Amino acid sequence: MKYLKFTISLLLTAIIFYGLNTKFGSVPPIGKFLNPATGIWQNEKDESITGIVSIDGLKDKVTVHYDEQLIPHIFAENENDLYRAQGYITAKHRLWQMEFQTMAAAGRLSEFIGEAALNHDRRQRRQGMGFGAEKTIEKIKEDPETMAYLEAYAEGVNSYISQLQPKDIPVEYKLLDYKPEPWTAKKTALLLMYMTKDLAGSDNDLEYTNALRMFGKERFDLLYPDFYDVIDPIIPKNTDWSYIDVPLTETPASELPLDTISKTIEKPHPDNGSNNWAISGQKSYSGNPILANDPHLGLNLPSIWFVMQLSTPTHNTFGATLPGALGIISGFNKHIAWGETNATRDVQDWYKIEFKDNTRKQYKYDGAWRTANLRVEEIKIKGNATFVDSVRYTHHGPVTYDKNFMGDNELAGYAMKWSGHIGGNNARTFLELNKGKNYDDYVNALKHYTAPAQNFVFASTEGDIAIWIQGQLPNKWKGQGKYLMDGSNPGHDWQSFIPQQFNAHTKNPERGFVSSANQHPVDESYPFYVFNDGYETYRNRVINDFFNSKDTFNIQDFRDLQNNNYNLKAAELLPHIFNTMNTSSLTKEELQIFNEIKSWNFYNDIDELGPSIWSAWWSALHSLLWDEYKVDDVALKTPYDYQTIHLLKTKGNDAFMDIIETPETETAGDLFLISFKKAAKSLMDWKAQNGTYNWNAYKATYVGHLLQGLPAFSRFNLPIGGGRNIVNATKKNHGASWRMIVEMSSPPTALGIYPGGQSGNPGSRYYDNFIDDWAAGKYRTLNFMQTDSNEDGIIGTQTLISD
Amino acid sequence: MNTNILNFIVTLFLAFIFSVFLPWWSVMLAAFVSAILFSLKGLKVFLIPFLAVFLFWTGYAFALANGNEFTLAKKIAILLPLDGNPYLLILVTGIVGGFAGGIAGIFGKQCQALVKK
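Note that the protein sequences, when read in sequence, are chains A and B.
First residue of the first sequence? That's 723 in this note's numbering, and the numbers climb one at a time after it.
First residue of the second sequence? That's 53 in this note's numbering, and the numbers climb one at a time after it.
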């Protein structure tokens, strides 16, 4: 009996121990998790921001002042210490996020999430994210100074990790039951790849190939023109390009492979983009240039941005950093300010690969066989055996699609050519911008920058404004890379790059302002081939019209513009519909909704009903119009909205207007009416379920935690207007991820805000404390401290010293 | 002092000491050791260590969360899910710890019985 009792109690103890120490599905190991001494209760606090901390490798003392926004102001005696401290301080507030983003880029989420992340991880690896990061590091190693700062940053992060007590590790690690690993320079390169993929990792070559085959060249060109009838490019029209003495690459005589492609890999968010602009002193209320930037990205917590001041005796810089990357990315110093928008250039192309045999060791090129290198990707999976993926590499790049991945042909595949694989020293660009004093420094800094191509806006206290479209951009033949190309034809390779000095740019233009909003970079007169891979056509016109509307502008004008909710797209189509649509068949309820949208002023403000009706209507109309695109097992991309509206307004009787599944032949007018009735029904259903469909409720903006929007750590139903193609580009879960306005006084004065908070800890009051003000269109005054002895507005000071 | 109270106090004391340098199962160890030193009878074998650890974990958790306006506790109480109620989370925390302590107490008692013969 005694032994039986003993055995039972032993068993029970073992079960309890195992049960409370183990993660089951998404349930964390509950004993570990809830233990007040080491579990989540220890994260129930703000980070400590006082005292003295010793850090390996510091040459001198570093002072870190925190202001009331929890923005760290780092004062170091030299740059090596500065970037070491940047690594340490960033890790202190954002460690889990830094690591998560780089693990995501590297295709390593399965290691702690399990099999559910395997497809994600395979995608990353088959797109050569790790390969690109290695190329980047190779390139940076040619520049020992930058490499030394990257190493210092990594060591700073690692100093933090090694000081971290198990009880203090971020709550996400406790939830998923894993631990941080050491930071490396390669992780920084992976973070840059993550951004490159987000911003320059999208193309529709394979979809266009299908469309070309299905519709023919003439129809294709009507649907996907390179330039629209109305464009307002970044570099103003009628710019003189006669100084460019390098010709456009000649088109080779050859055939394109018109394959049928059934499915393509998931693409980055189509709305990843941004606004930036700067006005000259003449246009400014004070005579000082003013610059603004707001990058539009997924709205996540912790935020993609972390705001810092980075200062040494030789430079003093303030702005938004990317946790994991060196320096300030969008910001200002005592002399200059800069910000980026995505250049949306087509720098990702696809080549059809023909393998010699099913060993796939060789592929055809220029009439001979070339070796395809093998890269073995081992994906560790929590709770499962390691998954091994073999990826073949051609001289173009990785064969992303083959028999192992989304393909079934033993002897064929599609290889990716991508500027993200070239390897670039982008870190250098930002380090030099951080120290820049004038226009020349800015131009020299940009020369190192390869991808993702960005529109770098610039303003200086000297009074210059400028914008450069910078990236390493292939000099393509007309039409090159619009469709799948022949990987065996040398004429289809990228032949050369546009010489950097011929990248489109403008300095101090006559109109007194520069701006970009992901629109066409140039008009047709630019000598190089620029292909429309989804240029934005609305925000830029609202911005430029605003700056053409009066003589001078002040800070309030800038705030108003960043928060401007004017829906130009709706304003360009709805009046046409109101004039042409026959409303006699509308029911009483439908007529009411019709009158609601008719009285709308085209502003996507939160209390308006119009934006919701427009949104439902546009989506129904779009789907009816492009019903030709609903083909099983053929990957397609519907035409862009500008051209869609152009066709609706000017080619109302085109065959595309017909709804295939009905016996009648529909015109645009019919589509307006049918889609309106559909939208009205969906809105009435919505109303019955949720109450009013004002834009606030209907859009329901949220900022989601990086772990698939984990509701507990996310913020929902934020009262903010705007939407797609609107200057205030805030959609449901995407929009202005950082808003900055800098006036180039001496020293500059600046405003900034982002939808998040400085702390990555959901237990901190600084986790999401900016969100409400961000939604309301408010800003925080950025405290640009000129010396480290400044005590104004400081809530804590930490001193970092060497061991 | 009676054994019940002694066991309770020693469990609480050891749980506190062990928690400084051991993982969550420190409370199991505390209850186990205490059960060997101060043998209990019947239901109390489970109940006394349960109460001691329950008190320790709820008290500790409350003190930490109360100092921070229950910011994280409210969120974890959505995650688990406990309707966003931080007090429920504290209660669950206490029960989890208490249960582990109670079971370890039973095990300690049986070990002690085995050795005593």
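No lab work stands behind these hints, which were simulated from the structure alone.
Some hints could be false.
Said to hold, decoys possible - Per label pair, the in silico range of CB-to-CB distance:
{"id": "1", "chain 1": "B", "residue 1": "121", "chain 2": "A", "residue 2": "1307", "range": "54 to 60 Å"}
{"id": "2", "chain 1": "A", "residue 1": "1468", "chain 2": "B", "residue 2": "121", "range": "39 to 45 Å"}
{"id": "3", "chain 1": "A", "residue 1": "1406", "chain 2": "B", "residue 2": "121", "range": "39 to 45 Å"}
{"id": "4", "chain 1": "A", "residue 1": "960", "chain 2": "B", "residue 2": "121", "range": "45 to 51 Å"}
{"id": "5", "chain 1": "A", "residue 1": "770", "chain 2": "B", "residue 2": "140", "range": "38 to 44 Å"}
{"id": "6", "chain 1": "A", "residue 1": "746", "chain 2": "B", "residue 2": "54", "range": "37 to 43 Å"}
{"id": "7", "chain 1": "B", "residue 1": "140", "chain 2": "A", "residue 2": "867", "range": "51 to 57 Å"}
{"id": "8", "chain 1": "B", "residue 1": "140", "chain 2": "A", "residue 2": "1391", "range": "56 to 62 Å"}
{"id": "9", "chain 1": "A", "residue 1": "1382", "chain 2": "B", "residue 2": "140", "range": "43 to 49 Å"}
{"id": "10", "chain 1": "B", "residue 1": "121", "chain 2": "A", "residue 2": "890", "range": "18 to 24 Å"}
{"id": "11", "chain 1": "A", "residue 1": "741", "chain 2": "B", "residue 2": "168", "range": "56 to 62 Å"}
{"id": "12", "chain 1": "A", "residue 1": "887", "chain 2": "B", "residue 2": "140", "range": "25 to 31 Å"}
{"id": "13", "chain 1": "B", "residue 1": "121", "chain 2": "A", "residue 2": "1106", "range": "49 to 55 Å"}
{"id": "14", "chain 1": "B", "residue 1": "164", "chain 2": "A", "residue 2": "1487", "range": "16 to 22 Å"}
Since we're looking at a predicted model, the values are computed, not measured.
Built from N, CA and C at the ideal position, the CB exists for glycine as well.
Q | Unmet hints by their number, sorted upward, for this structure | A | As far as the earlier hints go, 4, 5, 9, 11, 13 and 14 are violated by this structure, in ascending order.
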